[in-house]
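A.B. asks: In order, the protein sequence lines correspond to chains A and B. Per the working numbering, the very first residue in the first sequence carries number 1; after that it's consecutive. Per the working numbering, the very first residue in the second sequence carries number 1001; after that it's consecutive.
The reader is advised that the hints may include incorrect statements.
Cut-off 30 Å, straight-line C-alpha distance, at most; resulting in silico cross-link-like pairs (DSSO-like, lysine-lysine) [as the list claims (entries may be wrong)]:
| hint | chain 1 | residue 1 | chain 2 | residue 2 |
| --- | --- | --- | --- | --- |
| 1 | A | Lys140 | A | Lys122 |
| 2 | A | Lys240 | A | Lys28 |
| 3 | B | Lys1015 | A | Lys140 |
| 4 | B | Lys1015 | A | Lys122 |
Worth flagging that the hints you see were computed from the coordinates, not collected in a lab.
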Amino acid sequence: MTTILSTKSLHKHFGGVLAVNDVNAEFKARQLRSIIGPNGAGKTTFINVITGKLPASSGAVVFQEQDVTNRPAHVLVRLGICRTFQITSIFMGLSVFENVRIAAQTEIGGSLRVFSAREGLKNVNTKTWEILHRLELKDKADVPSNNLAHGDQRLLEVAMALAGDPKILFLDEPTAGMSPAETEHIAQLIKGLTDTIAVVLVEHDMDVVMRISDEITVLDQGRIIAEGSPRTIQDNELVKEAYLGHG
Amino acid sequence: MSEMVTKRRSTHPMKIVALLIVVTCLTLFPFVVTNRFYISLVNEMLIYGLLAMSLDVLLGYTGLLSFMHNAYLGLGAYVVGLFLIHVAPSSLWLALLAGVVVTSVIALPVGWVQVRTGGLAFALLTLAFGMMFYTIVWKWYSLTGGDDGLMGVPHPDIQVLGITLGSSGNPTTMYLLSLCIVFICFLLTWRIIHSPFGAVLEAIRENEERASFVGINVRRYKLYGWMYACMLAGVSGGLFILYRGYIGPTTMSAFAGAGVLMMVLVGGMGSLWGPIVGAGIFIFMQDYISTMTEHWELFVGLVVIMLVLFLPRGFIGLGDYLTRFRKE
Ligand SMILES: Nc1ncnc2c1ncn2[C@@H]1O[C@H](COP(=O)(O)OP(=O)(O)OP(=O)(O)O)[C@@H](O)[C@H]1O
Ligand SMILES: [Mg+2]
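Next comes chain B alone, as it looks inside the complex (with noise of 0.2 Å):
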């Protein structure tokens, strides 16, 4: 009997094979395409890869709508940038933690207010917190440089075991530091979304009702999917700042929040890659499109709208589509 339990769960071996051919071409890029262009595209995918893959914990696992990731991002970056400006400008890993520990603190409290609803209201909130963290950061000049932006944040070294593997400001270094980290994230989360905690988030999304009426805390599970949701999000402020050594309140604006959550509905919400890819054709189109025209916004929004009508699963709905082709 128990044969069948491990049977229908294991992961296919393909999928492994895949994930560490993806990862080594991604280690091997910046060495065959040397145009910096190129490297800062890809890490900038990467890291707001990371960031829809943590929305779509919230989205696609636990069933709750939040409209400013992006907020979280911000935070974490601008707490990283003070860090380094003001306190330790050679701690990268100490500021980097900063980033998380505070990120975490303030999202406790919103997360804590936000779980006593659902649905709507949810979805309500996270664009009500979020605004007002748009606000602070764009008004609070002294601190946050408001329109200007945080400038001058300076470029700590990466140092592992006290080898110094590089400058961050170096593109190649910083976008190999990016990638170890949203590697680790992403396997990190697998994990929790394979675990008992993460069956818990899935009965919540399937049906809040019944979650708590078998007896799961529902509130008390909502916080936690919440703070893990905004950790990573954290930690992609902080790679985010590291590797633009700059961020300005239009980051954590709500137009820029929708953005992230289209990587997500691009990419496909229920998966942890699909929110990457996801990540990577929305930054590729915006970054791309807006060297040929400013009026780039129109032409992701028509990607998307064609995306939505012909691939309504997301990105990782054509994966399904193409394996049944292939058996049909």
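Okay, chain A solo, but in the shape it has when bound (with noise of 0.2 Å):
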């Protein structure tokens, strides 16, 4: 399998607090890589560096063979490189159809054009409803997102980052705060993306971890501390100390 991204020593500090420490990673093609490890061990900044949320402090991101160590987001978006974050972030005040919509017109192209009606714009059009069918958020295609439930705003997100046709798509623990029921049609949502593109997931939920991971990266105090397939993981006596060790 291919690398579509690596990092190469990555490192990111807040004042003296190293976030990121010498991190060295490989996400591969129709890869899905979970990366765990306690709360504060780094996770999230590690995606915020790699998509250009936060800027890092030595080291390089790889993107297909590609530096762009450092670039905008809006530049990684456009190459391929998508993601949803801890925290939802969506466009509250408009339609789930309008927020994947844009997404969707970003993606293709047309933002530039100032005289024709934004209904106009039939492929963009025809790629929203196309996602909306597929992670099922059709019916409230209308809907005010800001009414949405919590567990369909998340879905949302995901929804958005699709319409950006990413090459790797970045999960930001998109299972937080969702029903059994939501976390497993998530669940198995994030394992079919792996038959085009490469995921990189996020996620507390080590029954979700386990059951759909192809390979898993164990992060803590900023490093890496273990890397491998479930099974060697769960059997990992660092990790388990990792976790015990933090509570």
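Two chains, two frames, some hints: make the complex.
C.D. replies: See the structure below:
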């Protein structure tokens, strides 16, 4: 399998806190890699640096053999590096349809058309409906997204990320606050995505992680302490220690 | 499936009918009410309506707070005035064009700096730049007339396709010119707001971070929105100087800037006609109450406080309120 994105000795510190400490990671095409680790391990910060939300302190991010370290987020998204946030980030005042439509529009093009109606972008509409259909949000297309239930808002954010046609998708705790049924639905969905793209999943629900991951990376205090298949991670002493040590 | 999309957004025919009725009434107005005072009053409402509407493109559609949008009306007005005085006293269209172009040229570097920030920092920068322009205009006596203002601006004839429609010094002719241009700008802005480009501005208003994480170059689109708003402000400035024949630095003061902001808030942001209605109410209070008492600002303040308390969404909120009332 080909490596699609990798980090080379990536560092990020906040003052004296080393949130990401010399991380070398590889993400492969059509693979689901989970990143786990105790609270404050640096999982979110790691994603933030890769996706252009935060500048790296040192080190490099390489995407398809191209150095993309510290590129602005919108450039990375256009290259195919998309993400969702640990705290839901959607366009609250807009309808479900419009949330996904604007993401599709940015991907497909047409944002500089000032004299046509936004409904007129046929490809954008088709793609939007396709994604809403795939994520079973179609019936809620007209609902203002701030009226959605929490679980559907999380799902909507995944829909928006997918509309950007990602080659690699970072999901920061997508199941947080979801009901068991919703969690199951999104877990299946995430697994299905790896038919075409690479997925990086940060997740606290170990049941989900162990079931759907191809590979797992364990972070603790900004460092990778273990890597491997779900089975090897389950049996790893260092990992157990890290989780117990931090409660 | 695609039918659902078209249905969702189509403009209600009643809105088009209402717009046509309003425009017809406004067109007939100077022939029914021939009092020059009232014609000029409504003319000023239209001009400030255009300015308030352009501010709402920033505030209500892109989520950017500009404290001194009047600075760009002022710049447009001074440029058009200076053009008519020094360059070509009879070229009305050329003067208006110069006003828009020069205003845009000045607004570009300002916007370039401003869009690097957001929220409060953006708002403070608009204040800083606006006060800078105010001071320049106020102090550069030899060019602008300083405190005395720019006087003796000629009134060119209004010509369309070689046909002279009348002098811009004639209140009725000038009123009709303003109405025509404001109407065109309204339609243009309506078109832009509902375009794919308008959708990008809305996304930025709703959530800047998310906007950049769906691939939008937020700074660039903020700059586009800013430039459009300043161009329209430049147009309103051109109309302003043509109708008044005079402009002083107070038009560009922070106090006047707060007035434009109030027009938008009173009318209701996030709509195009709201700010125009807001400008109408504000100018009416200002001109009408000032004939009765010199403390008119006090009354304007009171009315604004009442509106904010009872119509928090502004005048457009009243429309929603009435339709809901009727349904129940
Ligand atoms: N913007 C910031 N400024 C300062 N410190 C930060 C910032 N973001 C994160 N940190 C610190 O960096 C460390 C890693 O935080 P991070 O949010 O990446 O952890 P995490 O693994 O995502 O945790 P969780 O499981 O709780 O989401 C923590 O010590 C945190 O306090
Ligand atoms: Mg986190």
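A.B. asks: Look at each hint and say if it fits the structure.
C.D. replies: How the hints compare with the structure:
Our distance criterion of 30 Å between C-alpha atoms is met by Lys140 (chain A) and Lys122 (chain A), whose separation comes to about 20 Å. Of the pairs offered as hints, the one joining Lys240 (chain A) and Lys28 (chain A) holds, with about 26 Å between alpha carbons and a cut-off of 30 Å not exceeded. With a C-alpha separation of about 27 Å, the suggested pairing of Lys1015 (chain B) with Lys140 (chain A) holds against the 30 Å cut-off. Among the hinted pairs, Lys1015 (chain B) with Lys122 (chain A) is consistent with the structure: their alpha-carbon atoms are about 26 Å apart, no more than 30 Å.
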